[in-house]
Amino acid sequence: MAPASCALCKMSKAILKRPKTGQQICKDCFFYVFETEVHHTITTAKLFKQGDKVAIGASGGKDSTVLAHVMKTLNDRYQYGLELFLLSIDEGITGYRDDSLETVKRNQQQYDMPLKILSYDELYGWTMDAIVSQIGKKNNCTFCGVFRRQALDRGAAMLDVDHIVTGHNADDIAETVLMNIMRGDIARLGRCTMICTQGEDTIKRSKPFKYAYEKEIVMYAYFKKLDYFSTECIYSPDAYRGHARAFLKDLEAARPSAIIDIIHSGEAFEVREEVKAAQKTQQTCIRCGYMSSNELCKACTLLEGLERGMANSAITERARKKMEASGPAPNNMRSIPFFQSSQPILAVEAPS
Amino acid sequence: MASDTLSLKIEFGGGLELLFSNIRSHKITLPHLVPIDNSMDGTSHVPSSSTPPSATDGDKPIKTKPADVTYLMHYLRDNLLKERAELFMENGTVRPGILVLINDTDWELEGEGEYELKDGDEIVFISTLHGG
Ligand SMILES: [Zn+2]
Ligand SMILES: [Zn+2]
Chain R
1 MAPASCALCK MSKAILKRPK TGQQICKDCF FYVFETEVHH TITTAKLFKQ GDKVAIGASG
61 GKDSTVLAHV MKTLNDRYQY GLELFLLSID EGITGYRDDS LETVKRNQQQ YDMPLKILSY
121 DELYGWTMDA IVSQIGKKNN CTFCGVFRRQ ALDRGAAMLD VDHIVTGHNA DDIAETVLMN
181 IMRGDIARLG RCTMICTQGE DTIKRSKPFK YAYEKEIVMY AYFKKLDYFS TECIYSPDAY
241 RGHARAFLKD LEAARPSAII DIIHSGEAFE VREEVKAAQK TQQTCIRCGY MSSNELCKAC
301 TLLEGLERGM ANSAITERAR KKMEASGPAP NNMRSIPFFQ SSQPILAVEA PS
Chain S
1 MASDTLSLKI EFGGGLELLF SNIRSHKITL PHLVPIDNSM DGTSHVPSSS TPPSATDGDK
61 PIKTKPADVT YLMHYLRDNL LKERAELFME NGTVRPGILV LINDTDWELE GEGEYELKDG
121 DEIVFISTLH GG
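Just so you know, the sequences run in chain order R and S. By the UniProt record's numbering, the letter at position 154 of the first sequence is numbered 154, and the numbering carries on one by one without gaps. By the UniProt record's numbering, the letter at position 5 of the second sequence is numbered 5, and the numbering carries on one by one without gaps.
Quick caveat, the hints were computed from the structure, so don't treat them as lab data. Errors might be hidden in some of the hints.
Unchecked claim - SDA-like cross-link-like pairs, simulated, lysine to any residue; straight-line CA separation at most 25 angstroms:
1. S:Lys-63 x S:Ser-25
2. R:Lys-224 x S:Lys-63
3. R:Lys-116 x R:Asp-76
4. R:Lys-20 x S:Glu-112
Given these sequences and hints, build the entire structure.
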């Protein structure tokens, strides 16, 4: 095959076929269009204003590593005037998170951004290693997901930032749309395609890579020789997501636009959802002050279950009733420090 | 003919190296001509042997083709891969979600599996499926 020349500059040799458009483009044009599209996503959705303090949720993986690089590039190129931070959550998974945090620490040097690492151990008094040794590998992703979400918000409050950006890409969002459809979770379906979400008193969260294909993110990292960590979480048995992902990749192989098409479908559902927005009203958790749709937030419920040796209490209704029936939480139980979004939380002592 | 073997540089990334003894970079040698059905018959001893290209297996001639990327994937699976072959190949090609670069170019621009390998080629396989 004769090497094709770039469809954009017509000069250099094409090195990539864009999954979104089928265009064959050269390396420099690829960098430029990839960055420019993210810039358009940011400006169209008016994600930031001058002077905003923005934390990049950094896991050391490909998406957040590329996001940190692109955010820095765009902030300089277009003078967004943002103050950027890296925020990492240490779940306490030996041989997985400790290695990926090393990558984040290198990113901190490379991108010259302040880094905050907040650990589950510090915040909840439990590492994922300890949780798994108590509850096994079955529901540990539930714990990890709930704990991570709250930890990110609390880490952001400690940094006093206005906004958290995460590396969720178009493939991730399409996958979540599929999962919500398969589960019949209409309320989440609309929400999962939103580029920016903001609860009552939580920090804004957004996804600048909402329309960026995973293939291009990985190619970008490859051609820019970015340093990222790529090992599967050792506790990750989320088979359901795995199937959704495999199905999506098969669809993409047959028709590359499938990913964007699915996101657009999710967005179309969103409009109708507003008509019947009968979601639970938000309140704050009586124990820790974090936003919640019940008296106790999910993290506090999970933590209480762990502390009392009834870890399923937040997973099944029956187990929750059983825990409630067994009396109130003991006073000496470990709990999460009170959440105040406006001012930094004091350092947490980890009870032994 | 200068040589009837090809020297290739193979790289694995994005977590795919975990299936290959956790080694990212490999140097391999393939015969110029390989069985058309991508089987390893008659090639496992090839690197050092002087077997003529259209080797015969007993009295049955083996049909051959120039070594291509599809053959390379089968070769890697059968010779270098250490675990979970289904995470590398599916339906005779790489599993969806694995990117392939041929001399730093997206294989989709080079004919994918039908690309005929040349001596000195560098082939990179990167998984996109690991971690965010
Ligand atoms: Zn170009
Ligand atoms: Zn709470």
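Status of each hint after checking the structure:
1. For the hint pairing Lys-63 (chain S) with Ser-25 (chain S), the CA-to-CA distance comes to about 31 angstroms; that exceeds 25 angstroms, so the pair is violated.
2. A C-alpha spacing of about 42 angstroms is found between Lys-224 (chain R) and Lys-63 (chain S), which places the hinted pair above 25 angstroms, so the restraint is violated.
3. Of the supplied pair hints, the one linking Lys-116 (chain R) and Asp-76 (chain R) holds, its CA atoms being roughly 22 angstroms apart against a limit of 25 angstroms.
4. Straight-line distance between C-alpha atoms of Lys-20 (chain R) and Glu-112 (chain S) comes to about 18 angstroms, which keeps the hinted pair within the 25 angstroms bound.
In summary, the structure is inconsistent with hints 1, 2 from the numbered list given earlier, while agreeing with the others.
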